[in-house]
Amino acid sequence: MELEDVNAETAIEPALQSSSMMIDAAPNVLKQSLAERKQARKERWRLLRRRPGFIIGAVIVLFWAFCAAFAQYVVPYNPFDDRDKRHMPPSADHWFGTDQTGRDIFSRVLTGARDILLVAPIAAVLAVIMGTLLGMIMGYFRGWTDNILSRFVEAFLALPVVLVGLYVLTLASQSDFLQTISFNSRNILVIYVVAVLFTPIVARTVRAAVQGERDLDYVVSARLRGESSLFIMTREIFPNVTGPIIVELTVRIGYAIFTVATLSFLGVGIQPPSPDWGLTISDERAVLAAGIWWPVTFNALAIITLVVAVNLIADSIQAVYQK
Amino acid sequence: MTKYIVKRVLLSLVTLWLLVTIVFLMSWALPSDPARAILGPFADEKLVEDFRETFGLNDGFLEQYFRLLKGLVTFDFGLSYGTKQPVWDVLAPTLWRTAKLATLAMIITTPISIFAGLIAAKFRDRRLDRGIVLTGLATSSIPEFVTGTLLAVVFGVKLGWFKAVAIIPEGTPPLEQLNYLFLPAMALAIVYFGYIARMMRAGTIQAMDSDYTRTAAMKGLSSSQVMRKHVLRNAMAPTITVMSVQIGYLVSGIVGVEVVFNYPGFSQALLIAVKQKDLPVLQVAVIISALVYMVATLTADLIIAWLNPRIRLEMGN
Chain A
1 MELEDVNAET AIEPALQSSS MMIDAAPNVL KQSLAERKQA RKERWRLLRR RPGFIIGAVI
61 VLFWAFCAAF AQYVVPYNPF DDRDKRHMPP SADHWFGTDQ TGRDIFSRVL TGARDILLVA
121 PIAAVLAVIM GTLLGMIMGY FRGWTDNILS RFVEAFLALP VVLVGLYVLT LASQSDFLQT
181 ISFNSRNILV IYVVAVLFTP IVARTVRAAV QGERDLDYVV SARLRGESSL FIMTREIFPN
241 VTGPIIVELT VRIGYAIFTV ATLSFLGVGI QPPSPDWGLT ISDERAVLAA GIWWPVTFNA
301 LAIITLVVAV NLIADSIQAV YQK
Chain B
1001 MTKYIVKRVL LSLVTLWLLV TIVFLMSWAL PSDPARAILG PFADEKLVED FRETFGLNDG
1061 FLEQYFRLLK GLVTFDFGLS YGTKQPVWDV LAPTLWRTAK LATLAMIITT PISIFAGLIA
1121 AKFRDRRLDR GIVLTGLATS SIPEFVTGTL LAVVFGVKLG WFKAVAIIPE GTPPLEQLNY
1181 LFLPAMALAI VYFGYIARMM RAGTIQAMDS DYTRTAAMKG LSSSQVMRKH VLRNAMAPTI
1241 TVMSVQIGYL VSGIVGVEVV FNYPGFSQAL LIAVKQKDLP VLQVAVIISA LVYMVATLTA
1301 DLIIAWLNPR IRLEMGN
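Chains as they are written, first to last, in my numbering: chain A, 1 to 323; chain B, 1001 to 1317.
In short, the hints are calculated from the structure, not lab data. Being a predicted model, the structure only gives us computed values, none of them experimental. Just so you know, even glycine gets a beta-carbon here, dropped at the ideal spot from N, CA and C. Some clues are possibly wrong.
Unchecked claim - Sample of chain B residues with no beta-carbon within 12 Å of chain A, all distances over it, derived:
hint	residue
1	Glu1049
2	Trp1088
3	Thr1103
4	Ser1289
Unchecked claim - Some chain B residues near chain A, calculated using beta-carbon distances under 10 Å:
hint	residue
5	Asp1050
6	Leu1079
7	Ile1205
8	Met1208
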């Protein structure tokens, strides 16, 4: 379900443009380019605020972030309290109805944002950190290092994320080794699995961006100055590829939510009694045929608003960086 | 062309070997004791030992590794922990049902998406274009199981137009089977619409803005001729790539949809395998879907090379 090729290619352009401003890394030029970079950042932020997609997406994401943090203190009912009134349709008392053990669905949907908004973004951030390191090494050193690592990245890309998730999470659930190094929380395990599976995709984008930079004059001159590879990678190239990395991060957060929701729906992700949306849809889909539509519908709408909002933001950021 | 094909197939084989190795290493990186996990902590030591012997868990690292590699050729992947049947026999019957659903989804989504992409490109930056792009962005970002659930609620339960449970009774004629398969296929089609339409739009716009299209128009070809011979042909290449990638991911996305509609495909075998901690079945399922992905992308690359002689010549060397 990805559009990696497109991202990887289009993402290089902004990096190429911004780097051409820097001719030499001499101090005064450096200072000037820092000011230019700040200017460019201001300009992008101004463009971003003018995009309705970004504003709408940001408002929705902020709403769910607020729910993730505070919903448990403001919802009308305790989302974990069972009541007698099972599977009651939406009413004035229970706006979204009640579920199979009589819990208030409205309260559960609002608090259900919590786990996924912890797990998915952390997984995406980890993947971007690891993928950036890997991609910088591949793009900078080229040759055999790149050749071998590229084959591995390609092999990883052929692996379907959800199926590998099913396999690894089942494997991990019976591994004594993981219990001993305190992987006792399923959420932490899901974070690691998703992060590792997303790393090669990020690496490929970053590699392409670094390759666009490494032969430009400022990198060549730094090499002639005798700077170490580490210095060139972190201080010279990295600041010029932050654009593609930021775009990659927002896109990855969207996919991470997508993946974690699916894994939870399939029963290997976030675990009960969490009011997680994917988990609830999985629990309540059996009663759908009996006409009890409200438990799955409101949770489905919650997932939709979150993923669409995140993708609206990602799309806007991508568009602004490509200008 | 032959040289190009050989080169691509050989590279794919290297990738296949690597990914099988990665999947195999995963089970060694997360050391587990399937015999104990399945038989329980209080099972007789003798039983546990028998289990390990039956499934070859006492064999060494290399022995198990080569057995898996050999399985790729012979399709003998050992026994399932759950049913004690050969893994391939567990998966094969479910695979063709999944293929049926996937094919139907592609048949629905391909013409609609390509048409929508063309229309969007033609009315670039107008309201219709914005609408198509935004719809595509929204539908492709929603997980397949969510789309499937909502379709089941609206068209299966509320309106009752189609079956919300896709268990097809034995002996149903093919056309009537559509009644069961339509909603799950739509759930997949809606998600893939966005990717294909957006790619088609981008490809068409690029082709329409290019010099060769301008030349074709200036030498007096009719607009339909320009469209057919110059724009479409070039706009198809990225679209085919995206579609091939989608076929690969279809295998992953289809799992959620099948579960929503209780469709007895691939995913049913997978969910049972998860419950029974049936690692051999899961392992082979991962490898098979990766294989589908690789075959799809390889085929797409070959079609693109065939469509565009420039790529064909470049890649040959």
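Of all the hints numbered above, which does this structure not satisfy? Sort the numbers upward. Those not satisfied are hints 4, 5, 6, 7, 8.
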